[in-house]
Amino acid sequence: MSIKNSIFRTLKGAAIGVAIIIPGISGGTVAVLLEIYEEMIKAISSLRKEFKKSVLYLLPILIGMIIAFGIMYFPMKYALLYIPLQTISLFAGLMIGSCPKMITDAKKNGFKMINLISLIVPFVFVLGICFIPDMGDVDLSIDMPIINYLLLFIVGVVASYTLVIPGVSGSMFLLIIGYYHPIFNTISQIKTNPSHSILVLMIFAIGLLVGFFTIAKIMKVLLEKYPRATYWAIVSFVIGSIPAIYISFDYTKAVFNIITVITSSICVVLGIIGSYLVTIVTNKKEKTLSKEGK
46 MSIKNSIFRT LKGAAIGVAI IIPGISGGTV AVLLEIYEEM IKAISSLRKE FKKSVLYLLP
106 ILIGMIIAFG IMYFPMKYAL LYIPLQTISL FAGLMIGSCP KMITDAKKNG FKMINLISLI
166 VPFVFVLGIC FIPDMGDVDL SIDMPIINYL LLFIVGVVAS YTLVIPGVSG SMFLLIIGYY
226 HPIFNTISQI KTNPSHSILV LMIFAIGLLV GFFTIAKIMK VLLEKYPRAT YWAIVSFVIG
286 SIPAIYISFD YTKAVFNIIT VITSSICVVL GIIGSYLVTI VTNKKEKTLS KEGK
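According to the working numbering, the stretch in the sequence shown is residues 46 to 339, in order.
Bear in mind the hints are in silico, worked out from the structure with no lab data behind them.
Note that the Cβ used here is the ideal one computed from N, Cα and C, for glycine as well.
Be a bit skeptical, because a hint or two may be false.
For lysine-lysine, the following BS3-like pairs were computed, each having C-alpha atoms within a straight-line distance of at most 27 Å [to be verified]: (1) Lys298 - Lys98; (2) Lys122 - Lys49; (3) Lys49 - Lys157; (4) Lys265 - Lys146.
Ranges between beta-carbon positions, derived for each pair [what the hints assert, rightly or not]: (5) Pro239 - Leu104: 44 to 54 Å; (6) Phe156 - Ile108: 36 to 46 Å; (7) Arg93 - Lys270: 31 to 41 Å; (8) Ile303 - Ile159: 31 to 41 Å; (9) Val203 - Ile325: 30 to 40 Å; (10) Tyr123 - Phe301: 37 to 47 Å; (11) Met158 - Ile199: 20 to 30 Å; (12) Phe258 - Tyr194: 16 to 26 Å; (13) Ala250 - Phe119: 31 to 41 Å.
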């Protein structure tokens with residue numbers, strides 16, 4: 046496992062870590078766009094059988110995610126506060142630019158009329174989530190009921206599904222059920238109330254891990270046994286997440302004027318260009334690896 050490959054995966058993990066912060070953006074979607082999704086699923090599912098190989102593959106990604114999340118959490122929060130439309134437009138551009146490559150890859154598995162279901166259902170599902178009203182923030186304070194600890198674990202399990210399934214935003218899911226702000230507030234309260242904050246985050250993290258391995262195994266089976274339907278469903282999830290970003294956006298936070306429209310449009314274009322450059326680099330890397338394999 047070369048150092049160069051590990052650095053590449055660390056950078057890709059960093060991109061996933063940034064995506065997790067933004068409501069409406071799925072970490073799974075970014076993994077698909079960066080073309081590491083399938084390998085990640087295989088590595089997670091094979092941890093018990095091929096522990097060393099899986100860890101060597103996943104560790105750089107995890108390190109990148111943690112570092113990027115820690116470094117970019119507050120800058121991204123400020124970006125979402127002061128230039129929210131431009132920020133989400135950049136990510137929308139990245140997804141738009143990646144769609145042609147994704148569709149081309151999906152076509153390699155063929156297409157049958159039955160696969161229309163794989164295209165329609167995920168698209169409708171992603172858009173439908175956007176119209177579910179927020180339930181209000183839950184109580185994760187030191188005085189919260191004991192049942193809330195159990196619910197926190199369950200929420201962690203379900204949230205992990207949204208991290209793995211492309212197009213389904215974990216942040217948006219947490220917002221809808223009222224856990225997004227309480228969980229991130231808990232992170233910011235670690236210095237003032239370390240014991241309770243760490244307990245809350247540990248329970249949530251355990252739920253994430255349990256759900257993460259479960260859904261990864263399910264996705265591996267789907268990719269192996271039903272590749273055509275699964276690939277088209279992934280394409281649909283990603284395409285559906287593009288309008289979903291704008292539908293779920295809180296427009297009360299944005300200042301609308303000609304400058305906002307122009308800068309947001311520029312960000313979309315920059316995202317598309319960025320996605321195109323990533324595709325070029327990835328294709329070059331694939332060609333290099335195929336030559337080395339020969």
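These are the hints, each one checked on the structure:
no.	hint	in the structure
1	Lys298 - Lys98	violated, 45 Å
2	Lys122 - Lys49	violated, 31 Å
3	Lys49 - Lys157	violated, 39 Å
4	Lys265 - Lys146	holds, 21 Å
5	Pro239 - Leu104: 44 to 54 Å	violated, 27 Å
6	Phe156 - Ile108: 36 to 46 Å	holds, 38 Å
7	Arg93 - Lys270: 31 to 41 Å	violated, 20 Å
8	Ile303 - Ile159: 31 to 41 Å	violated, 47 Å
9	Val203 - Ile325: 30 to 40 Å	holds, 37 Å
10	Tyr123 - Phe301: 37 to 47 Å	violated, 20 Å
11	Met158 - Ile199: 20 to 30 Å	violated, 38 Å
12	Phe258 - Tyr194: 16 to 26 Å	holds, 21 Å
13	Ala250 - Phe119: 31 to 41 Å	violated, 20 Å
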